[in-house]
Structures are given as C-alpha cells and as structure tokens.
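Undergrad: Below are the chains, spelled out letter by letter.
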Amino acid sequence: MKRFDCLGIIAGAATDTLVVTSAGAVTLEWNALRPSDGNFRVRTLGLCSSIALGMALGLPQRKVIALDGDGSLLMNLCSLPTMARMQPSNLVHIVFDNEVYEASGSKQTATATGTDLVGMARAAGIRQALWTHSVDEFARIVTEALNGHELFFIGAKVTTERTEVPPYPMDEVENKYRFIRHVEKLKNIDSQNQLAK
Amino acid sequence: MRRDYAERGFFNSNNAIVTTLLQYHIPLLLLIYYAGDIGDRTFSTSGSMTEPVLQALGIRHYVMREPDDAPELIKRAQILAEDSKRPVALLLTKESLGRRASIKSL
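Keeping their order, the protein sequence lines are chains P and X. Going by the numbering used here, 184 is the number at position 184 of the first sequence; the sequence numbering is gapless. Going by the numbering used here, 1088 is the number at position 88 of the second sequence; the sequence numbering is gapless.
No wet-lab data here; the hints were simulated from the structure. Note that the structure is predicted; figures quoted are calculated from it, not measured. Cβ atoms here follow ideal geometry from the backbone N, Cα and C, with glycine treated the same way. Any given hint might turn out to be false.
[What the hints assert, rightly or not] Pairs of lysine to any residue, SDA-like flavour, derived with a Cα cap of 20 Å:
#1 P:Lys-63 / P:Lys-157
#2 P:Lys-157 / P:Ser-134
#3 P:Lys-176 / X:Pro-1027
#4 X:Lys-1085 / P:Ile-180
#5 P:Lys-176 / X:Phe-1043
#6 X:Lys-1085 / P:Glu-174
#7 P:Lys-63 / P:Ser-50
[Stated by the list, open to error] Over the 10 Å line for every Cβ pair with chain X, so calculated as not near, a few chain P residues:
#8 Asp-5
#9 Ala-13
#10 Thr-17
#11 Arg-43
#12 Thr-44
#13 Ser-50
#14 Thr-160
#15 Asn-175
#16 Lys-187
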C-alpha cells in the first residue's frame, strides 16, 4: 500500500476530526490532503501517540486520530499499555509501518526484522488492534473505527514511496495557537473572557 | 496542567520537554523530587544532576522545603509558567512531601 492513498481515504472520512501527526513526511502529506486548524503537528519521534492520548482524554466528546509511524511508535512503546489502560473510546491510532526511519536516511526499523506492532498493541490490552492488508480493507476498518465508540489501533504496511507535497505552512507556535482556537470554537469557549476572569 | 516527576522521570522526559514544551511555548508546572538532598541516602548521583539539567534547559526552578509553603509556591510557579509560556519546576524535598527526616536517624 502507498501511505498517500491511505491518507486520502482518511481525509475523505474525517473531514472535521482532530488529527495529530507524527514527525516526518506523513505530516506534510496529510496537511496537503486535509489542510485544517484541526491538525496538530508533532515535531519529534515518539510523542504522537502520547499527545493524541492526552487530547482524546481531554476532549472526550471529540474523535481524535493519531497518524503515527513505526519508527515513532518504537521510540515510545510504553504509550501502548497507557492507551490500553485508559481505553479512550474516541481515539483511533493509525500506524503506517514502512519498516524504515524515513526522515534520517531510511535505515531499517525493528519491524523490518519481525517486530509486530499490532501484536504488541493487542498484547498491551488494546482489543481492536488490526493489520490492514489492502487499501479497501484499510478504508473499511477506518470507517468502522471512526463510526465506533472504542479505542482502535490500525496497522498499515506501506511502501517507502513519498509524495511530493508543499512544505508545512506554519511554525509550531502558530500551529499550537490555531489548533487551540479551533478547539475553543468547537467547544464554544471564549478564551478572552476566560482570561478576563 | 501539572505533572509529577521523580527526578529520573524528569530526565526521561527531556525529549518531550525540549521538543514540545519549549518548542511550542507551552506552560507547565513540573513537580520534581529533589533527590540527593542533604540527609538523603538515595539517588545522590542522579539527584546532583537535576539542577544543572534544569539550568541547561533554561527552566526556572525553586526548592520547596516546607509543606505549608506548597499552596503559595505552586500558585506563584503556575503564574510564572503561564506568563512566560514556559515550564517552571518546583523541586520537592522529603520534608515538603511530609516525610520529615529525623536528625537522630541520619
């Protein structure tokens, strides 16, 4: 499977969902497909899953999607038992496993030699942990996850092929403020009045 | 937002502190155990690194010794964190955590 094709499916199904993206090309590809103030870009490997978990717990009425990679998740495997322990019913954790550290020269990750991230998620206690093997299957499972009320961990083995897309249009501080204002708008919070109090 | 840390939890959190709190200008109150304090028989080596690492990260930090000081110090540290858009650390001694060391037992 090609990651960009999978992202296109998510973009079609999740038009206004809050999305946290891992460091790397997945962020740029996702933003090209679905530019939105509801996108939060993580700038380091490992923290996508943890930040998305915190967001899902803090915003229980909103669906949150984490777009993660194998290299990133391998740097923060302890997020799996934490997610399983908290069981946020509004979190969909999607891992694109291309078996390499793409941004730093495409050295192999542990998944290239047999580490099974979905197996690890399941063993951590995430019941809906599934590999998807085709774009059609990916679309079906993502739709099920977005319409469901249960924590999902979806693995997708993808090629290392990258799609040429524009650079990210803002720095991280602007991303933070735009994301916060977006969430406040969704929750009908007036931050200026909050500060005045 | 508030988080509790042992001092090794703080060391383990350095990636997140640098790439998220500092990079995104996110205020956070860090409550870190002040390990390696005088009278403390544990963690003297790692404890001696806590303040130099905080210094290197540019994180303002204050030692809290008396439990009675907690409400005011936490309130003030939270104000500084929110105003500076940066993390601020309170270093908690055993005494401040309510485990007052007996001088006789040292």
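Undergrad: Run the C-beta distances from Arg-43 (chain P) to all of chain X and say if the shortest one exceeds 10 Å.
TA: The claim is violated: Arg-43 (chain P) sits with its nearest Cβ about 5 Å from chain X, within 10 Å.
Undergrad: Say whether it holds or is violated: Asn-175 (chain P) keeps its Cβ farther than 10 Å from all Cβ of chain X.
TA: Non-interface label fails for Asn-175 (chain P): nearest chain X Cβ at 8 Å, not farther than 10 Å.
Undergrad: CA of Lys-157 (chain P) to CA of Ser-134 (chain P), is that 20 Å or under?
TA: 9 Å, holds
Undergrad: Does the no-contact call for Ser-50 (chain P) survive, Cβ to all of chain X over 10 Å?
TA: At roughly 8 Å from the nearest Cβ of chain X, Ser-50 (chain P) sits no farther out than 10 Å, so the non-interface label is violated.
Undergrad: Verify the proposed pairing of Lys-63 (chain P) with Lys-157 (chain P), using a straight-line Cα cut of 20 Å.
TA: Since the Cα atoms of Lys-63 (chain P) and Lys-157 (chain P) sit roughly 24 Å apart, the hinted pair is violated (cutoff 20 Å).
Undergrad: Going by Cβ atoms, does Thr-17 (chain P) stay more than 10 Å from chain X at every point?
TA: At roughly 21 Å from the nearest Cβ of chain X, Thr-17 (chain P) sits farther out than 10 Å, so the non-interface label holds.
Undergrad: If we take the beta carbon of Lys-187 (chain P), is the closest beta carbon in chain X still more than 10 Å away?
TA: The assertion about Lys-187 (chain P) holds, with a minimum of 17 Å to chain X.
Undergrad: Checking a non-interface call: every C-beta of chain X should be farther than 10 Å from the C-beta of Thr-44 (chain P). Is that right?
TA: Per Cβ check, Thr-44 (chain P) is inside 10 Å of chain X; nearest 4 Å; violated.
Undergrad: Within 20 Å, alpha carbon to alpha carbon, are Lys-176 (chain P) and Phe-1043 (chain X)?
TA: Given pair Lys-176 (chain P), Phe-1043 (chain X) is violated - Cα atoms ~37 Å apart, limit 20 Å.
Undergrad: What's the verdict on Lys-1085 (chain X) and Glu-174 (chain P), does the C-alpha distance respect the 20 Å limit or exceed it?
TA: 14 Å, holds
Undergrad: Are the Cα positions of Lys-1085 (chain X) and Ile-180 (chain P) separated by 20 Å at most?
TA: 14 Å, holds
Undergrad: Verify that the Cβ of Asp-5 (chain P) lies farther than 10 Å from every Cβ atom of chain X, and report whether the claim holds or is violated.
TA: 29 Å, holds
Hints 1, 5, 11, 12, 13 and 15 from the list above are not met by this structure, while the remaining hints are.
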